[in-house]
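Enquirer: If you follow the hints, you should be able to join the two separate chains into one complex; please do so.
As given, the protein sequences belong to chains A and B, one line each in that order. So for the first sequence, this note's numbering puts the first residue at 1; every next one is plus one. So for the second sequence, this note's numbering puts the first residue at 1; every next one is plus one.
Only true hints are included.
DSS-like cross-link-like pairs, simulated, lysine-lysine; straight-line CA separation at most 30 Å:
#	chain 1	residue 1	chain 2	residue 2
1	B	Lys124	B	Lys151
2	A	Lys71	B	Lys41
3	A	Lys159	B	Lys124
4	A	Lys71	B	Lys80
5	A	Lys71	A	Lys159
6	A	Lys185	A	Lys22
7	A	Lys71	B	Lys151
8	B	Lys124	A	Lys162
9	B	Lys151	B	Lys83
10	B	Lys80	B	Lys41
11	A	Lys139	A	Lys185
12	B	Lys124	A	Lys185
13	B	Lys83	B	Lys41
14	B	Lys151	B	Lys80
15	B	Lys124	A	Lys139
16	B	Lys41	B	Lys151
17	A	Lys22	A	Lys162
18	A	Lys71	B	Lys83
19	A	Lys139	A	Lys22
Here are a few chain A residues that face chain B, going by a calculated C-beta distance under 10 Å:
#	residue
20	Val73
21	Gly79
22	Tyr86
So the derived label-pair ranges between C-beta atoms look like this:
#	chain 1	residue 1	chain 2	residue 2	range
23	B	Asn128	A	Thr179	23 to 29 Å
24	A	Ser147	B	Arg97	34 to 40 Å
25	A	Gln59	B	Glu153	27 to 33 Å
26	A	Leu90	B	Glu48	28 to 34 Å
27	A	Ser174	B	Ala47	46 to 52 Å
Hints in this document: simulated from the structure, not taken from any laboratory. Virtual Cβ for every residue (Gly too), placed ideally from N, Cα, C.
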Amino acid sequence: MLKTTMIGAGLLMHSAMGMAAKLNTSFTEADMILQDGSYTLNILNSLPVNAAVFELSLQASGTGDYSSELKSVCTQFQGSECMGAYVDTLHSELLYEVEVEVRCDGQVLFTDRQNRSEFTNEPLASQSRTVSFDTAFVKLQPVTCQSMELRVATLTNGKTDKVQGTIRLSNTTSQSSTTQYGVIK
Amino acid sequence: MIAVPPHHGLGKINMKLKQNLLLLGVLFSCAGSAVAASTVKTLNVGAEPLALSIADFTPVTTVWAGREVVTGYEALIDVKGAKSNLFFNAQGEVGARWFASNFGLVTKVSCSGVPVGMSKVYGKRVDNISSPAQPVISELREGVENCSQLKVELLKEGTVSRQFYTRIQDISFTVSINAVEPIQGVL
Chain A
1 MLKTTMIGAG LLMHSAMGMA AKLNTSFTEA DMILQDGSYT LNILNSLPVN AAVFELSLQA
61 SGTGDYSSEL KSVCTQFQGS ECMGAYVDTL HSELLYEVEV EVRCDGQVLF TDRQNRSEFT
121 NEPLASQSRT VSFDTAFVKL QPVTCQSMEL RVATLTNGKT DKVQGTIRLS NTTSQSSTTQ
181 YGVIK
Chain B
1 MIAVPPHHGL GKINMKLKQN LLLLGVLFSC AGSAVAASTV KTLNVGAEPL ALSIADFTPV
61 TTVWAGREVV TGYEALIDVK GAKSNLFFNA QGEVGARWFA SNFGLVTKVS CSGVPVGMSK
121 VYGKRVDNIS SPAQPVISEL REGVENCSQL KVELLKEGTV SRQFYTRIQD ISFTVSINAV
181 EPIQGVL
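Chain B extracted, bound-state conformation (with noise of 0.2 Å):
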């Protein structure tokens, strides 16, 4: 191999080139962001269940034999108007693809990083007919003030290479929150 002195012109093509290729990263790096920023949806305590979508999830993903499996879904919302005392209510569709639609699926939802609720749920097949697995998480969470961002986690059940064969094809999710006043008089 040849080495090129910095000074030579092919050199100086390799930094230009360098260079471009930096700035189309940090352009392509804003895009990215500006995307994702623009696709966070916001739910009022307090409004109409806010509808989700599967457009609404980013899936999560690890490596296995080499291949890129999704392990799950997770969707982000912002909030706004939060309490100390909060309901909140999550339901939802999650239907795999005919041939996968035999699986497990737990359904995590927290809040700023506090838990709020958990659902372990079948979708089916039967008679070569699927059923979507239908989560449903309805709880009354104390101390969550700080309440900013919902986090709806979606977790296929199983081994990797199970989750690698349960292809996800439709999500759908209904999500709301509403303030409880505290209770008067309880110590």
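The shape of chain A in the complex, shown without the other chains (with noise of 0.2 Å):
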């Protein structure tokens, strides 16, 4: 069973219709749940919420897949057909990959990847990286969320262990340090 978080950041302003009309919340890995490599903040403050205007800033850090060998590579093909000599070269792959996904009563209302990936000859000092979320955008349907879910998952064999962000849903672009915004119909 998924405990529940309270987050006492928000702002709570009730309309005519009792809905809140602006949710701003600032998490940290603190104040959601891990299972199974993802991290669920369930949002409660300032719900139901109506909005038309979404914003998310989100960082994760943690360790993805790496590999690191000396391996014996061709230095010319033609087509696939090794012409040249063979040498030894390091290769060292590493790829974190995050995965964010917000749903409002279930629905998907925003979801995105991001990674950092290396490719490269030289040994690499640290396999951890950090990815960062910043999104904004007006939805020309404002969304009414009875329920807020968040999940940040770690995609491939990676883990997360740090994530801190601000989620905020709001009817102006005012007051927003965003300045440009993408349109969801």
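Expert: Printed below as a string of structure tokens:
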């Protein structure tokens, strides 16, 4: 059973219908439930909310799929045939990828993936990487959410250690650091 | 089945036919090599970016459920004028047919077997509009003085069945390489 987390940073502004017109929540991994490698945040305050403007800023840090080995590689191909010499070369490869999903009443409101990768002949000093999500959009048909959930999942065989971010729903693009909004029908 | 002795007339015809088929095979194979060799582009270090289109990429295939599946594409580019420190820049757009335009793509660039960089990006279809995957690789690599052939690999993400249905229809890339002088005084 998922435990629910109350976040104290929200602002509550009730409309005539009794719905909040604004939600502003900051969170870290400490506020979230970790299950099967995914962090989940159940947002309870300021709900239900009715809003057209959605903003998410989130950073996740962790380690990804990593391999580093000396490989014997072909230096010259002709088609699929190796026509050159073979040399030993260090191959270091790293991929850290995170998927973020925001659900409103069970329906996906926003989803995106970000990754950091390395493919190099150098040894990697650190296998830890950070990905950032910075998105802002206006929904032409405002959403009403009775419940909201944010999920942060590490893809491949990686592991996320730190999550921090802010999620905002409102009906104004003023008082925001974001300068460019996407449009969703 | 009746065995035909080699000196029999039919045997001679068979021998002649086999020789002709062998000759045709050799001719076609030579022609194929000539075409492949003539289409390899050359990138000079420090020169303007080189443009690549889908015609410069060769499909990489595997067999799945009795069908030939294109799992990715690769392009080979001759490189002239390499130095020990090179800055590689590759960026492009890869688009799939509309029904398969939600797809993942890993791009890997290596030079004469030395890994240069990779990018994992996604093509998307939102509100009936397809957006291509847009890989970007910008990397400085040391110890690449023997870089004479650049390899650009495009690998479709997912299972073989997913790869089968991801039909790539457009590939456009620009690649450039610039020499970076060794930094003096660094131990």
